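J.: So the protein lines, in turn, are chains A and B. In terms of my numbering, the first sequence opens at residue 522 and continues consecutively. In terms of my numbering, the second sequence opens at residue 34 and continues consecutively.
No lab work stands behind these hints, which were simulated from the structure alone. All of these numbers come straight from a predicted model, not from anything done at the bench. Hints should not be assumed to be uniformly reliable.
Interface residues of chain A toward chain B, partial, derived using beta-carbon atoms under 7 Å [to be verified]:
| id | residue |
| --- | --- |
| 1 | G540 |
| 2 | D573 |
| 3 | Y1358 |
| 4 | L1387 |
Ideal placement from N, C-alpha and C gives every residue a C-beta, glycine not left out.
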Amino acid sequence: MEITVKLNGVKRTFQTNAGEKVVDLLRRNGILSVRPDCDHRGTCGACSIILDGRKVNSCLLLTGQIDNREILTIEGLSSGRNLHPIQKAFLSAGVVQCGQCTPGMILSVYELISKNKNPDRLAITDALSGNMCRCTGYEQFFDAIKLSLEQKPESHQPTFRKDLRVIGKPLQKVDGPRLACGKVSYVEDFVTPDTLFVKILRSPHAHAKIKSINTEKAEALPGVHLVVTHKNGPEVFFNTAGQGYPEPSPYDARLVDQKVRFVGDRVAIVAAESETIAEEAVKLIQVEYDILTPVFNAEDAARNGAPLVHERDPEMDPLHIGQVKNTNLAAQNEGGIGDLDKGFKEAEVIIEREYRTSRVQHTPLESHRCFAYIENDRLVLRASTQVPWHLRRIVAKVLGIKENKIHVIKERVGGSYGSKQDIVLEEIVSWITWQTGKPSYYRMTREEEFVSSRTRHPMSFKIKAGAKKDGKLTAVDMKLMADTGSYGPHALTVPMNACSKSLPLLKCDNMHYEVKSYYTNNPISGAYQGYGAPQGSFAIQMALAELAAEIGIDHKEFLEKNMVHKGFRLEILKCLGEGQEGIAQVISSCGLDECVKRGAELISWGKRVTNPEPYLKTGKGMAIIMQGSGLPGIDSANASIRMMADGTFMLLMGGTDLGTGLDTLATKIVAENLCIDADDISLLAADTDTTPFDVGAYASSGTYFSGMAVYKASIAMKEKILTTASDILKLDKSKLKLDYHGKITGADRELSFKEIAHCTQGGSGSGELLVTASFTTDEAPIPYGAHFAQVTVDTRTGRTVIDKYFAIQESGTPINPELALGQIYGGVLKSIGHSIYEEMIFDNKGKCLNPNFLDYKVPMIRDLPLEFKAELIEVDDTLGPFGAKSVSEISCNGASVVIASAIHDATGIWLREWPFKPEKIYNLLKLKEQVPQRR
Amino acid sequence: MVKIFFAPKDIDEALQLKNNNSHSLYLAGGTLVNSGGKSGEISIISLHLLELEGIKKEGSHITIGSMTTLQEISESELLKEEDLGEIQDSCRAISRNIRNASTIGGALGSNYSRSDIIPVLMVSDAIVTLKADQKSEMTVCDYISKRSQGYSPLILSVKIPIPAKNELIISKRFSRTSLDLPLVKLAIKIKLQNGKIESVRIAAGGVSDSVTELKDLEKYLENTDIKAAKGNKEIDRIFEQSLTSKDDIRATADYKKHLIKVMFEEIFTECMKGKN
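Chain B on its own, in the form it takes in the complex (with noise of 0.2 Å):
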């Protein structure tokens, strides 16, 4: 139950704020914090005022301001031409009613599991500039992985580096209806030369509690010819060992993995094929 509402005209004031109200939320686009009744009494720093929105390009990174939109992340040339589709491509995975409302921000510091959005920024190699105390960077996956823990500071602005030429970023999604929330989700980055794998990022949502980078799989891959990488024992061992799911009502364990095992897949043939 909300007790108080604020709406702080400047960050610091969000800041103090948050550290004056020991019960407190900072609320985005209040898609997720608003939906539907919230337990216990809390404080509302609504941070709609604070001029965070707008998508840029800064040097070889485009910059988010962490209340834009995920229509307007949808709607912008800028990505398009930089070639950060995928981004634009999961936000549009989501209602448009939702997008018009939900934040890159808000997105992050849910910390969904079967978020469309979280998974392609961590293989993007996005970095989160937060301000807590002081200012500070991290990359999104270091930031996930802390905001498991309680972390949650200001979320002013994500970065994406602009990929290279030879780099692909490629997400797929497998839900059972078009409003419900991805059951699983699979993200790749990966650098490729010569049909060489020169550096892969993957991330999988749905399957753990918080969206999980593999790690282990990043690193046998990496220096593999891609080919090698289709219809791979070792993969599905490497698979098998780093994600650890739970049955649900929406799927058993197993098949929330075997679908993760089959996007992989997909993603791996659309690579070999060239798809940008």
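Excised from the complex, chain A in its bound form (with noise of 0.2 Å):
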């Protein structure tokens, strides 16, 4: 059939379907920036248009029901490269990170101000409530509305650094203006007609034996290219996380395998001219199972002859992590300082408890998705991945090809997370290419982003903890169970981190863990951001909660005497390493006396609150957090930077930009070291062709190392200026120095960027000047923080709202302001979402029930505490960047430790499981009437 719309102030005529939605139509038709993120039900907003002046979820319409109708979309909005003052104001403020849920943002703002020129905060949250963003904790979107309606380019954002001129002042994203304007960005930007699309069949079983598959009729049906199965795949056993090699990982998954391990596991893969044929001859394919018993949690998996996940032989692991044969134990690690027994015997009070967090998702509103095809004979995959290099060693693996037969483009990237550090369905497309020569594309279903993707380890944590009287901690000692799922990505180093990331933050000279992770029938396990740290956070500080309310001292003061500081030695560190030894360190610097500080201030601890209402209780809790900047002594990063003939730069970077800033961050290091302004540098960043080596982004590297690599090329390039200038000026090189705007001066003399370009690479120059540098080291930054709130349980219901919520955190000096902020945002409100609504829910054979937005319930801007603020407080380190440290994962530490510490103020019961559902908390308030509950 044929409609006709006015689109973006243009006529036009367009062939569809009965069935289609307008979004596909769109996207069809050169109208990238609407996105069926959430598989066309109308839960995340990221389709949004304005049809005839109102703004709707174009996967909600078919494309019948717009004919003759007025649609506006982002591609409306700017003029060529002239943005609306909405999208200036969007990013002035900072609310553009991974940029996937922009536009429809943007579009949200548009409608609102049209209608409303003095919206308030209600009016504003009304007008954004249908659009998901995972990223930035909505709050500074109040912000950009605000700077929207006053057309002041200016952010409101506090600035570092009063002695640099880039470094901490906010600048525009260099990625943004794309983003905000919804250009060709993300991998499925870049598809082409020719391309075959995947489908993957999928196991309804979570433990069987493949018995028999007939993929003759799906092979037959015109229009299918391949199909593949355990018996045509390669035999090759890889492991899909996104670790320096050799990986603290166990080589435990195939392309295909003739097992299947979880309900969505694959058993065929389909490559098709459409997505339709695809799904056709998914159905088409016949298959018997020998269905097993499965297992679905390490508790059970741990017991003597449960059902074996894995029947696979360790000996294949790069690594020695602990794995033992014909069980499901994948990785097991124990350590500690001191002397456990004697800490113990010190201590005045003893408690033992045990926690528990649960399976969530990380659900980036850009699903997994990877482009292949094939050029000059060469493998290219257009990817959202936060490890290009990995991502290419892997997939050489899988394909038995060398390297150098692949080259890996990170795209930009539509929200992470830690997600997408694994290799989840490259090698898919990477196969089908190489085997048929033809371009392939895969995107995952939102319901096989939630199942078939990657998950946070639901973990068990037994903790005994001691102290004396006045609150000295002596002992602690955290024995943790993960669930790792049917596949062992990150087995060791996820659990691991968790102690690695929480016992460090206390002074106490004896302790102990102990960690196990188990196979299981479950959804994979991965790296989400935190690492494991927001588990092993909640374990440890909650029981700190629970022996300073047993001691009867106050928590803060209970975790001011026992936290550590600058100078503080981490002898613990040796043995948290990942796969290997690790390195003791000495904290670089510790802004947490002054997190800790700021926050009881703003939320005046220790000050009750009461209520109108008897039912309605408020309490306050509190935690202190930390997490790490990358991984000293296994990480490294490369950076190189040329000179261009007008004097200004080329920066190539191996860095990846997950959305989070990483790209400006290194604008602005090469524009402060050379006094040059950021739009004098073009970036090029994460291409396995192009740019040198990086690990990727993962363990809140990217600030620290990557950032170090550029600001070790950018440190050189200016030696490598001085020393030419010099042998120009005839001058000696410590008489010059660099001048803003890119020259160099001496005595009376000056020399430009661009003459020197001009003298350099002319016949008679030295050649351009071209610097690259590498960094390793053997230690790394520690950022801090302290996160308070105030919430109010209603105990008729167990309903818990979040008065208030403020995030204290250290990260030395912030290079991108406002972009670390929106992490800090973005990480507490996902960290929220996980502590009282997230939660995959499985039936008894291992289903997940409730794989999308709407039943796992993302938090959305109506759902922000009442009030938010994060703040970051300047600390000097020597290490980092400018003193730059990590800021985003540790914003995830926090939030499950205060809000339970808060409901326990309120009410006395103690959360020991994720999540806090108000039903749980009624119940438990009802038990506590009964019984009154341990202290």
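Both chains are sitting in their own frames, so use the hints and assemble them into the complex.
T.: Structure follows, in structure tokens:
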């Protein structure tokens, strides 16, 4: 059928079919800013359009409904390179992170302010109520709207380091304009018309062996090009975790295996000329299963005689991580400092508690996607990945080809939060394209993203802690059991991180940990922002809160007495390595004192709040938090800088920007060191052909590792410029200096970078100025923070409202302050989600019952704490670029402790398991009435 | 899977299309019908050209055209003036993207138990104007009951009686997140005369397969003193009998019933305080 639409001011006619959704029609016709990220369920707003003046989800409209109507998309808002004031305001306020939600958010604001020129907080919240953003935590959108209305480009964000020109000052994100305009940016925007589309037949059983599989009918379907099963797939075992080689994770995965290990595991892969054909072909595959007994939790998996999830030989793994053959134990480690027995003997009060965390999912708006094609006899992968080089290495192994045959291009990443540290589907399209020679594309549905990508490790903890009556901690024992799911990427390192990002917060002479990670028939656990630290932090700090209560000491006072400070030697880190011995470290800087002080002041710690209604109870809670900045002794990063003919620069960086602002950070470092504007630098990053190696963006390494490589490269370039200028000017190098804007001054002479470029690149010159630097280290700065919250519990229902949440953090010098704050807000809201709302729910056969946004319950703008504030405390550090540390992951580590301890303060109940659902709270309150809970 | 898309220009054409296409669905805003994939081949009869929008006062009623969006309802000055703000608040609980497209007719036709709108319309004694072979009217309560049996006439409009001065409409919703549909929803219309309950209508959503009118409780409460409703054990007993619920992934049946009781107490407390 044919429809006519006025699209962005132009009357256009489209051919469509009765069932086509508007979002798909628009994308088919070059409007790429609309994205069906929730599988056409209308729950994310990423497909928002303005239809006859009203913002609606285009995924919920059939094309017939828009005939003879008027549509505005983000493509119609800006004019050429001139951004609309709302787009400019979004960039100034720092609300464009991964950018996947940005066009929809901008249209929401457009609709709002076209009707209301003075919206209050409630009106803004309502206007954005249908748009999901997982990165920013929404809070800065209120600033963005204020800026839009004022039509002022300046941001109200804080600034740091008065001694520096660019660092610590707000700067428009370098990739911001393209994201705010909905330009070609993400993997799916590059897919060509001749592409094969991939669909996967997934296992309906949690544990089964494929007895027989018949693909004849599927292969015979016109348009089907390849069907891959365990019979014709590569017999290569590999590890899907994007970690430095040799990886501390087991080689337990195949492209397609004969055994399926969770509901959603791969049975067969189909590549066809359209998604519809591929879906049809999947239905034609006949499979007979030999159903095996499943095991659904780590405790059961640990029992003697438990069904074996893997029968593999651990000898094939690159590192020994404690895996034991013919058991479900995938990894284990144990260590500690001091003498635990002595510590407990010294203790006057000892508690023993158990805590549990649940399986939650990252829910990036952009699900996993990858596009593969052949160019010059090489495989090219356009990927949404955190780890381009690890991806290349793993794909080369699966395909049995050399790495020089593969080119990985990291496109803009539409949300990741750790999920794209793994090779989840890239090897599938690689195999298909390498076999068929045709481009192929695979896009996980939202349900697949929930079930078949990666999730946070559920963990159970046994904590024993002892202290003197004056509050001095004498011993901590932490035993944790992790559920790594059906495969073991990060099986060791995530649980280890639960210890290494919680125990080193404490000045305690006697500490011990034991980590055991078990295979189960659950979805695969993996890396998730915080990387085990949110779980470990919950267990340890809740135990400390309970211990403080047991002793009768104020929680804050107890933490202050036992928390670390600058110069403290973290001996415990020596045993907490990543599959190898770690490195003990002296704390280079620590802002914990200031963070606690500021947070306590904001929340009015110690001041009790009373309610007019007796059934409402209000309480306050807190947590101290830490993370790392990359993996010293393991990670490495490289960067190079080239001077161009007019004295501007090309920066080539291996570092991978996930929307967090790493590209902007790198640009600012070069601008600062070379005394130029950010606009004088163009950046190419995370491309395995053209940029130098970097391990990728994980373990909070971007700012420190990638940033230091860029810092060193820019210092090297500075030196090279000075040396060259010294030769040209015939002046001693020590008499010369770089000045803004892009010039060398010395004595009474000046030389512009353009003149230097002209001299060096001419026929008699010394050659183009080109530098490369690499960064490795055995020490890394640790960011710290303190979070505080006030909650009110309705004791009649268990409903908990977060009245106030204050996240006070230090990240050394915040290089991109507005983006750093956005990441704190985002991390906090994600972890509030994990604490209160989110949870993957399974039936007794291992099937996930809520693999969609609606039932999984991702927090939206209307779920924000009533008062929500993130603040950055400036701390001097010497290790990172301009003293910067990491900022994002740490933000996830506080919420569950803060909320649970506040609920205890309000009601007297202790929550020891995620999520803190109203019904759970209500039941505990009822129980407390009957039997007073153990304090 | 949608096989054919029809966009009839008038009501008769819509009815004819429905009669002539066995597997066909009326499409209002589309926020429910178009959500996710539909199994089987269906024909869609879109109502967007039928001019069924608008909110107007007709005597002692407010008439809302079935294609009026929930956003238009939430913005209506007329509804606010005529003390029907509770209907507007119920619309506002839904996200902006959805209520810009979702219509009152679609909300009714969905017959969702976890609807924000249906319980309030039920207790408001709203009347739905329908057309199948011929035009007819029935209460929303009757419509929901017949809808559950598969009855699917074309909804033309909803007529809502303007509350009398001594009538209050109050509803409460409980949901885990703002994106979510209500876990449970309770709506009550109460007519008070000197502290005595002259009449009361009560509807609960989210506990059973469709929104339930609690007739036994209504009968029990009529002509009683409003103060007697608080902490009344007999009311608890009637709740237990009237509400049939099941455990699901959202909550246990007991908890859902408990929430309804808490909301009931809360609404009656507000009534005693004179909230409108």
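J.: With a cut-off of 7 Å on the beta carbons, see whether A:G540 makes it to chain B.
T.: holds (3 Å)
J.: If you take the shortest Cβ to Cβ gap from A:D573 to chain B, is it below 7 Å?
T.: violated (10 Å)
J.: Can we keep the A:Y1358 interface hint, with Cβ of chain B closer than 7 Å?
T.: holds (5 Å)
J.: The hint names A:L1387 as touching chain B; please verify it with the least Cβ-Cβ distance against 7 Å.
T.: Since the shortest Cβ distance to chain B is 13 Å, the answer is violated.
Checked against the numbered hints listed earlier, the structure breaks hints 2 and 4; every other hint is satisfied.
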